[in-house]
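Enquirer: Residues per chain are reported as follows:
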Amino acid sequence: MENDAVNASRGSLAHPDIKTMAEVNVDVLKPLSKPGKGWWMLLGLCVLGIALLFWSWGIQMVQGIGVTGLTSPVGWGVYITTFVFWVGIAHSGTLISAVLFLFRAPWRQSIYRVAEAMTVFAVMTAGLFPLIHVGRVWHAYWLIPYPNSRFLWPNFRSPLVWDVFAVTTYFTVSAVFFYLGTIPDLAAARDAARGFRKKFYSVICLGWRGTDREWHHLSKAYIFLAALATPLVLSVHSVVSWDFAVGIVPGWHATIFAPYFVAGAIFSGVAMVITLSVLVRKAFGLEAYLTIKHYDAMAKLCLVTSMIVLYAYLSEFFMAWYSGEEVERAAFWQRLFGGYWWATWIMLVCNGFVPIMLWFKRVRHSIAALFTISIFVNIGMWFERYVIIVTSLHHEYEPFAWGMYRPSMVEMGIMVGSFGWFGFWFLLFTRLLPPVAIAELKEVLPRPMKPVADSSFVGTGSPPGGVSNG
Amino acid sequence: MNDGLKRRDFLKVVGASGAGAGVLGCSTEKVEKLMPYVTPPEEITPGVATWYSTVCGECEAGCGMWVRTLEGRVVKVEGNPNDPVSKGALCSKGHSSLQGLYNPDRFKGPMIREGGQLKPISWVEAEEVLAGHLERADNYYLITGSTGPSLTELVDSFAGDTGGKILNYNPLDHGPLREASRIVFGRDVVPWYDLGSAKCIISFGADFLDGWLSPLRDSRGFSKMSAVGEGGFKGRFVFAAPRLSLTGQNADEWLPIAPGTEALVALAMANVISGGTAEAGPYQEIVDAHSPEDVAAKAGVSAESIRRAANHLVEDGPSLVLGPGIEGQHRNSTAVNVAVAILNFVAGNVGKTVDYSSPQFGASSRSSSYESMQDAIGDMRTGEVPLVLVHAANPAYALPSTSGFKEAFGQVSFKVSFSSAMDETAAMADLILPDRHFLESWGDSSWRSGRFSIQQPAMQPVPHFDSKQVGDVLLSVAENMGVGSGNQSFYEWLRLQWQSKAATEGVSDFEHFWREGLRTGVIDTESEFESSSSEALRETDRALVFDSPEFDGEGDLHLMVYPSARFGDGSMNANRPWLQELADPVSKIAWHSWVEMHPDRAESLGVQNGDVLTLSTDYGALEVPAWIYPGIRQDVIALAMGGGHTEAGRFANGNGVNPMDLIPAEVEALSGGLVHFITKVAVTPTDDRYQLASIAGSDVQSNRPITPVVSLEEWTRGTTEHSDEGGHGPLKELQGIGGFVPIETEGLPENFPLDGSKHGEYGKEDEPRWAMAIDLDKCTGCSACVTACQSENNVPWVGESQVAMGRDMGWIRMERYYEAVDATQAGPVDIRFLPMLCQHCNNAPCEPVCPVFATYHTPDGLNAQIYNRCVGTRYCANNCPYKVRVFNWYTFTDEEPVREGLGHIPEPLNWQLNPDVTVRENGVMEKCSFCVHRIRNAQNRTALEDGVLAETDVVTACQQTCAAEAIVFGNIKDPNSKISRISKDQRSYRVLNEITNTQPAVSYLKKVTFHEVVSEGH
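Each protein sequence line maps, in turn, to chains A and B.
Just so we're aligned, residue 6 is where the first sequence starts under our numbering, counting upward by one.
Just so we're aligned, residue 7 is where the second sequence starts under our numbering, counting upward by one.
Treat the hints with care, as some may be off.
[Said to hold, decoys possible] Non-contacting residues of chain B with respect to chain A, defined by C-beta distances greater than 10 Å in every case (computed):
hint, residue
1, GLY138
2, ASP385
3, ASN493
4, SER622
5, ASN659
6, ALA688
7, ASP828
8, PRO865
9, ASP959
10, VAL961
11, SER994
[Unchecked claim] Chain A side only, calculated, beta carbon under 8 Å to chain B, not exhaustive:
hint, residue
12, TRP147
13, ASN160
14, SER163
15, PRO164
16, LEU165
17, VAL166
18, GLY252
19, VAL332
20, LEU398
21, GLU403
22, PRO404
[As the list claims (entries may be wrong)] FRET-style restraints, in silico, Cβ to Cβ:
hint, chain 1, residue 1, chain 2, residue 2, range
23, B, ALA627, A, SER320, 52 to 62 Å
24, A, ARG155, B, THR958, 32 to 42 Å
25, B, GLU413, A, VAL67, 45 to 55 Å
Worth flagging that the hints you see were computed from the coordinates, not collected in a lab.
Note that the Cβ used here is the ideal one computed from N, Cα and C, for glycine as well.
Could you build all of it, start to finish, from the sequences and the hints given here?
Expert: Written as structure tokens, this is what we have:
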């Protein structure tokens, strides 16, 4: 009866199809067994993508940054677009795992592992792009403040330096947070694995035994890190937005940028979580864990952020008109009807109009529809950054210096390759780490009526008493 | 990075040129005396420049030059301030002569054709071969381009001794102008025009700012005439021609007259002025027969506009009328020049602003008419001519293909070229005797009768090329043939010439006279110089046809072929990346050719910029991309000379088309000159497109205060607002409410450092604040500053594909905006130029965004760029509202290009690099430095002397070369400096400052227009 009450209190987020905690272990750890043909093919594809990325980058390093389509006046293009895209993707991971954790939103439990992994890999991908972008990558370390004989410091007034701090901090915190949350599950994997894999998990689970003391420390650390990571959700993308807002480029120089970018980041991130989790769910048969309820919740988050983003777009156009400033007005006129009109309209349609469908419950409850919409949003959000960067730069103050930018094959190669890089890590993740948080999932399951005899199933992977105090 | 100078070469050059006053050659040459300008040669110190004065050999204008040499190699040329022609200025062509000197495609040595291939040969053998051919030949032709007086003497005597006929060939010959002068005043000369003394100028198409006669002197004169002066006077300039050249773009009013109607309009103006009196002497009847009303319909402009222009000629005091340029030479162009001479006479300009008595180019300058070239071609075609010598000319390229020169030249059994580098004529030659570049050789030049400049070598011949001066070759060949004068070298010949000249001048101490001549670069003789006297019009029996000529061919599109603003005729100087990459001052297109077409015409043909068109005339056809230009009449299309080379070297070959393939080789009946403007053309669009390498993003300002103007009336009233600092009261209020303290929006250049800046040594009392002011009323858009800067600052060229992408690296961008251009009726022209360079903002947006401090502000107010520190994030360029920061997308400074077609500096072009300025590599941002190395040099120099930095000590490269003297540079904190006075002028404004609050150190002075300008956006 008590369990029913617990289930009732957890409302619709219980997993009606899951019977026992043991089943959770079996289901979640199943993907960690021998991979199938499809996985290898995907991995092969991703490796090809990585090869493309580094080959293109190699060409660029040997010949010069001129192999891109960048030019004057458009000094930033696909690289920075893709950088912001990946940083944005990263955000929902932290949002789902840390913010929703602090706010006790229990629906996060099934998806947060995927989201966190996505965060870490997306930041790893994003971090490549500033390096790819700069003219002399071999001197890129000058952006880091390190002691040197000439007492040279980076320029702390430059948003690019803030970026360095923001992105590295973000990577560190999200990686640690990710790892910390995985430890009990790694132990569960260790318990289920044999041979080399057992050794591997033994090492990386740091000898987790599932004692009360360990659980206590883990949950303390977890909540601290969650608290630490939460401001980063706001700060990192705010800093990224200041890369633009601090500039005096018409189309960049707007106070709305920080909230606008944060909302956009969460929007794109949630969309990416939907995309990836739908794939993982399908591939590993996790339908019982990732239910329609979860998708419904994510779709609502998407819808809210989409509206914020659309509002930001419209307010930008309005402010440009309302300012009466010729240069500003011309920049936004160009955005809608100039040489890059198509990019702007892709952005508006994908981010502003397609997600309107999420108002309908039927859409929110159709995995296929959500998947399609999430792809639209991913595309739209990439184009949002493209529009902000390229259309603003190509039509600035000095009419005689206006010009067009067309991405080169090298840039496209690196951009496409970055998906390979991301996919490579993500695929490894699906095989090496439990894609759903076993321990936390068990918290929302009905407690077993009596202690299960075979402790190995519950054992290390379950918090004591089945309820985490974290 | 390989600087390209081998140690061996370096030692050779230093050793050679350092050996005191006498410079020992490495071959059989005699000791020659070089006179540096200020520093005695014994004091050659590595890193300290030695300057020589010489004279520019790029065109017939003969501008005096100063040559900067470092460690024995030439690194920069500048105008010679003592020289009355250049007065220190130099044009793009002049600057690019360095790339002629170090042209990597120069011949390595003399060559002879054996079995169809050119094979190296020694000079001794080569001269023997030539002597042998000369001895056997009973007649031969010596085709020579413009040569100085002494070389002309030598060539004359050589041809006389060896039985040759001389053809002085100048592709841009002023035959009709000379002939008209002969007809009207009995003098076969190019008259001397004094633009500076005129108060009103009418040009019937003469592109005097850009290549016609003496562009630098005329630019200075024009700037004096047309820019508002102290007295509030501004001279009016009316341009009457079917197409606006760069000169036309600087006009105040344009009469877009129909092709060929210059004479009618000129006579109609004379008619208005003479008003029935008999001022026009023997031509009065003709003048009376051309009332503006009669002419108006034919000329396509209103009688009213003709009257108005004519009235300005007399009302404004001494005026000046200039005839058509090369592009306007049609079948009746002598008559046009006669009509212009009559108009000048009637307006009372002869003897005031037009001088026939001591003409342009001096007496020794002459050129044979195209007619005599045609005769020679006829002779050669028969196969009877055994020998032709070609010097300083490239007729196989520059003559219309229908002239048959190439075929006829091919019939000559032995062809000798003195060309120093391969060109279309040299490619056909059997013997090549490479001449020296003018910076390596002796000579002289006469820019006006009685006025001379001495050309002295500024360095030892570039060691990569075994060249010999043509004078030396002729002397030694004459010696071989036994007809020598006993002179060992051309240097001796030159001195002898001058000794005799000095004797007639009554000079006692020749050595002193010679030394002074070399030092200053200028020699004036009085005996040949006549002061002007009044002239009277003479009658003539020549049949003058003033009416517009019939144009050949069908249709209504007239083909205008004009000398390129960059290359002139382009026959000898096209293999220079600086010139190729310089955006044409009119079209803003680099590298390729384009055909200019009126927007309405383009619309009716469905043509857009870059659409490839087939142009065909009765004489030929070619394909060329279109460029739509409002400054050309609907019934005219125009093509520039200088493109379409096939044998001129790696940088020239294959760029564009040669328009001479489209025009007939027709002789103008009266002058014997070549007719350029005579054919109609059929235009057929093709399906192809060509991306022209244009630097123009937009031709209009889009309501931004980039180049505001002030009308003359408003300016005279003195009521112009200091618009720069105007407005924005509400903004400040808002900022106050916001609680933050804004950067002072009133910050003037001299207010540097800004209040509250706490970095380093800022704000020391005695620290200067460097600033620049550019007078847009003077600037003509000629773009000489662009090339001067490129030469001074090692700015690389990038290649056509890169310019087309927008990656040109010029530190100065000569912007051009159309405000008012109407080709359908007479009216005001308002085309504005603005040299855009780094504004060295007090509140620079580029500085805070650089993550590594690669750009920062120096205590003396420079926006510095540290190449070594630059990582290449390009944020600074994004954040620069002026877009003056240029990025090294590749390494453009290696000897080999990174990829085919990209900029590179092959040996020995890299000898030109200025050692004072870092050579940049891939991935680094750069921009105008205000010539910081020149500032520091001046500071160091004066620190060793008296420690007082005079205003004239610091001169930037662009300022130095500006013929219009539009650029002023200096310490704006010094209240007595010129810059601080000028920047307080009521015309002064700073670009975009009121929008961006960048507080630039560069002020511009508004252009002054005659017409009222309605709205300026702000």
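Enquirer: Give a verdict on every hint.
Expert: Here is how each hint holds up against the structure:
1. GLY138: Non-interface label stands for B/GLY138: nearest chain A Cβ at 53 Å, farther than 10 Å.
2. ASP385: Holds, since 53 Å exceeds 10 Å.
3. ASN493: At about 54 Å from chain A, B/ASN493 clears the 10 Å cut-off, so the statement holds.
4. SER622: Holds, since 33 Å exceeds 10 Å.
5. ASN659: Since the minimum Cβ distance to chain A is about 24 Å, B/ASN659 lies beyond 10 Å and the statement holds.
6. ALA688: Answer for B/ALA688: holds, closest chain A Cβ roughly 33 Å.
7. ASP828: The claim holds: B/ASP828 sits with its nearest Cβ about 21 Å from chain A, beyond 10 Å.
8. PRO865: holds (18 Å)
9. ASP959: holds (32 Å)
10. VAL961: holds (27 Å)
11. SER994: Holds, since 19 Å exceeds 10 Å.
12. TRP147: Holds: closest Cβ of chain B sits about 5 Å from A/TRP147, inside 8 Å.
13. ASN160: holds (5 Å)
14. SER163: holds (4 Å)
15. PRO164: holds (7 Å)
16. LEU165: holds (4 Å)
17. VAL166: holds (5 Å)
18. GLY252: This hint holds: A/GLY252 lies near chain B, its Cβ roughly 5 Å from the closest one there, short of 8 Å.
19. VAL332: holds (6 Å)
20. LEU398: holds (6 Å)
21. GLU403: Where the cut-off is 8 Å and the nearest Cβ of chain B is about 5 Å from A/GLU403, the hint holds.
22. PRO404: holds (4 Å)
23. B/ALA627 - A/SER320: 52 to 62 Å: Distance hint for B/ALA627, A/SER320 holds at roughly 58 Å.
24. A/ARG155 - B/THR958: 32 to 42 Å: holds (37 Å)
25. B/GLU413 - A/VAL67: 45 to 55 Å: holds (49 Å)
Consistency note: the structure conflicts with none of the earlier hints.
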